[in-house]
Structure formats: structure tokens, C-alpha cells
Amino acid sequence: NNKRMSVSRIKEPIETLQVVLEDGAFVESLNGWRVDIYETDGDGSDVAWWIGFINTSDNDIHARIALRCHDVFLIDILRNIYEPRSDSNEDYTFQIPEEADKKYRDSDGQLTIQIDIQYLQEASWKPTVHSHPVLTHLYNSSDTTDATFLVEGEKFKVHKCVLEATCPTLFDLVKNQPAEVATPLPGVEKEIFNVLLKSMYCVDTHELQKVSASDSELVEINEAEMETVKSILSHANKFGLVKLKLLAESILAYDIIDSESAAELLLFADSHSCALLKEEAMNYIDFQAQAVIKSSGWSKLNQSSSLLTELFEFMHGYCKEQCNKVNEGYEGWSVVTLLKKLEEYNLELDGSREQLISRCKEVP
1 NNKRMSVSRI KEPIETLQVV LEDGAFVESL NGWRVDIYET DGDGSDVAWW
51 IGFINTSDND IHARIALRCH DVFLIDILRN IYEPRSDSNE DYTFQIPEEA
101 DKKYRDSDGQ LTIQIDIQYL QEASWKPTVH SHPVLTHLYN SSDTTDATFL
151 VEGEKFKVHK CVLEATCPTL FDLVKNQPAE VATPLPGVEK EIFNVLLKSM
201 YCVDTHELQK VSASDSELVE INEAEMETVK SILSHANKFG LVKLKLLAES
251 ILAYDIIDSE SAAELLLFAD SHSCALLKEE AMNYIDFQAQ AVIKSSGWSK
301 LNQSSSLLTE LFEFMHGYCK EQCNKVNEGY EGWSVVTLLK KLEEYNLELD
351 GSREQLISRC KEVP
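In our numbering, the protein residues as written are 1 to 364.
What the hints contain is simulated information worked out from the structure, not anything from laboratory work. Using N, Cα and C, we set each Cβ at its ideal position, and we do this for glycine too. No false leads were slipped in.
Derived lysine-lysine pairs resembling BS3-like cross-links, with alpha carbons at most 30 Å apart:
no., residue 1, residue 2
1, Lys160, Lys198
2, Lys155, Lys230
3, Lys175, Lys198
4, Lys175, Lys230
5, Lys160, Lys126
6, Lys190, Lys157
7, Lys340, Lys126
8, Lys238, Lys175
9, Lys341, Lys126
10, Lys361, Lys238
11, Lys155, Lys175
12, Lys175, Lys157
13, Lys340, Lys230
14, Lys238, Lys126
15, Lys190, Lys230
Derived DEER-like restraints, expressed as beta-carbon distance ranges:
no., residue 1, residue 2, range
16, Glu223, Lys190, 19 to 25 Å
17, Gln95, Gln121, 31 to 37 Å
18, Asp36, Glu348, 46 to 52 Å
19, Gly332, Lys160, 42 to 48 Å
20, Ser234, Asp36, 48 to 54 Å
21, Gly329, Asp71, 19 to 25 Å
Put together the whole structure using the sequences plus the hints.
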């Protein structure tokens with residue numbers, strides 16, 4: 001059951017193990033890894049090697065692994081969640097290409113390969129949302145309201161001063177309107193607008209919080225609830241309510257995403273400049289690819305060649321880049337780390353990954 005499994009990660013620096021190929025080669029890393037390598041029968045007259053990875057620690061290890069002979073990759077990228085002290089973990093067979101054998105075998109006839117292991121750590125981020133007693137009082141009082149919106153036949157009375165400070169887009173619609181004139185908002189559901197309004201007044205948005213489950217109380221999120229959160233995010237994005245958008249985004253990323261919705265949420269995140277959700281969806285697909293490919297959303301994702309290319313590079317390209325020390329600086333940071341950095345300096349948090357990186361580079 002892949003429902004609600006969090007796979008958001010911070011990518012740690014790559015640890016490289018040097019292994020001299022010989023009968024019964026065996027190496028153990030510093031972080032609870034055991035790697036067994038044995039010579040085995042290959043295709044035709046070629047020599048092949050069997051390699052198995054065993055987690056000797058007491059905890060699950062989330063890792064990406066690449067196997068190479070210097071600059072020749074033997075096994076590209078392996079992604080797995082390795083259970084503790086299990087002999088049934090993944091094992092693979094590989095062969096050394098003839099050109100690599102000739103190029104890198106030393107004068108003593110020994111050939112060394114490299115095993116790049118990158119550990120992935122749990123990481124999460126949600127925006128800090130503070131309530132404000134004065135705004136809460138205004139939200140619960142209609143005595144001083146001076147503007148009105150009409151949403152699906154229902155009137156919502158608001159304060160222009162609050163709109164001017166928290167949502168200039170909506171303020172521009174009513175700033176010259178008298179209080180008794182109801183300004184219509186077509187295309188917005190009243191339940192959604194009520195959540196937007198609470199966000200403007202810094203009132204707790206229980207409609208979102210009830211969808212967000214704690215780690216100890218994972219609940220099934222039905223499709224209707226997911227669509228509600230997506231609608232809240234879309235409207236928050238439209239009206240410039242950044243904190244609400246980020247809150248909805250984090251809930252989709254950590255509390256709702258599963259193997260059925262990951263592909264669809266990747267498309268949604270890309271179209272709404274949701275860096276956190278986009279990276280989480282890619283992480284999820286990376287670890288649950290077989291299940292995600294069977295989902296209904298995969299056929300939609302399959303129609304976007306540019307996004308598929310980006311996903312492929314995310315899953316397979318970055319490890320090689322890091323091995324070659326191409327991916328340095330903020331470009332190598334996870335979105336979670338970028339957001340924490342920007343939040344520390346009170347900088348803008350909304351936007352694509354590229355925009356977040358650009359802002360981080362401006363930090364002194």
C-alpha cells in the first residue's frame with residue numbers, strides 16, 4: 001500500500017566506496033552498508049559480477065546508488081528503501097565493458113570500481129502561519145465592513161483596509177465601490193472563498209487543517225478532498241495569497257500525494273509554479289515508479305515531453321553530475337532547504353525552483 005508514504009528527501013553528499021574486483025570481494029561502508037561482490041557467469045565468454053547491497057543498521061535506509069568504473073557507468077541509478085538487516089535486499093549483475101577494462105586495469109592486473117551511495121534524509125517544510133487577534137476580531141464583526149462580494153448568490157462583507165494589506169488584487173475590485181454594492185466574483189465557489197477570506201484575516205483555515213493528518217494518524221484522502229485543496233491553491237495563486245498557496249501546496253505534498261495522484265500532481269505543480277510540490281512529486285515517482293506508471297494520471301504526464309525529460313533528468317542525471325562535481329552551490333540544494341534559507345531571511349517564498357535559487361544567491 002503506497003498511500004501517503006512521505007518520500008521528501010534532502011540529498012546528502014555522495015559517499016564513494018573503492019572496490020578492487022577479486023573473488024569474493026567484500027566491503028562495508030561507515031553508515032551501515034554492506035556490499036557483497038562475487039564473480040559469476042556472464043554472457044558468452046565475458047566475465048560478469050554479482051553485487052548485493054545489505055543494510056546492516058537497525059533502520060530503513062533510503063538511498064540512491066550508482067556503480068561505475070571511473071567515468072564509465074556500469075549500473076546507472078538504483079533507488080530503493082533498504083529494510084534493516086535483510087538478506088533479501090536488491091542484487092544485480094553487471095559486466096565491465098572491454099574499453100574500460102583496458103583503460104583502467106593497473107599494472108598488477110587489478111581493476112577498481114567505484115560505488116557511489118547517496119543517502120536521502122526525511123525533510124519537510126510548511127509555511128509559518130500566525131493568527132492575529134485584531135484581524136480575527138474584524139473577521140467576526142460586520143459593524144465596520146465597507147465592501148461586499150457576491151459569491152454564488154451569497155454576500156461576504158469585508159474591510160477594504162484588510163484587503164489592501166493582504167490581498168491587493170481583490171482590493172482593486174472594490175476600492176471605488178460603496179459598501180452596499182455587491183461585487184460579483186464569478187467562477188469562485190463560496191466554500192473556497194470563505195477559506196480565502198479566513199486567510200486574509202489570518203484566521204485558522206480548518207478546512208485545510210482537517211485534511212492535514214499527523215504522522216501518527218494517517219487517513220485516507222478521497223479525490224474530492226484533493227480537488228478542494230487544489231482549488232484553494234489555484235485561487236490563492238490567482239489572488240496573490242502566498243501563505244495560503246504554500247499551505248495548500250505543503251498539504252498536497254505531504255498529506256495527500258500517493259501513487260495514484262503523483263503524476264497528476266506533478267503536472268499541477270508545474271503549471272502553478274509550486275516548487276515544493278513538484279520536487280515531492282518527482283521524489284515520489286522516483287521511489288514508486290512502477291505503481292505511478294499504472295495510475296490514470298500517467299497517461300496525461302506522458303503527453304508532456306518537456307516534463308518527462310525533466311523527470312528523467314531528475315531521476316537519472318543529477319547523480320552523475322554530482323559525481324563529476326558539476327552540481328554545486330544552491331543548484332544542489334533541495335527545495336525544502338532553499339525555502340528554509342529564504343524564510344530565515346524573510347524573503348519571498350513563492351515561485352519555481354529556479355526563482356528560489358536566484359533569490360538565495362542574493363542573500364549576503
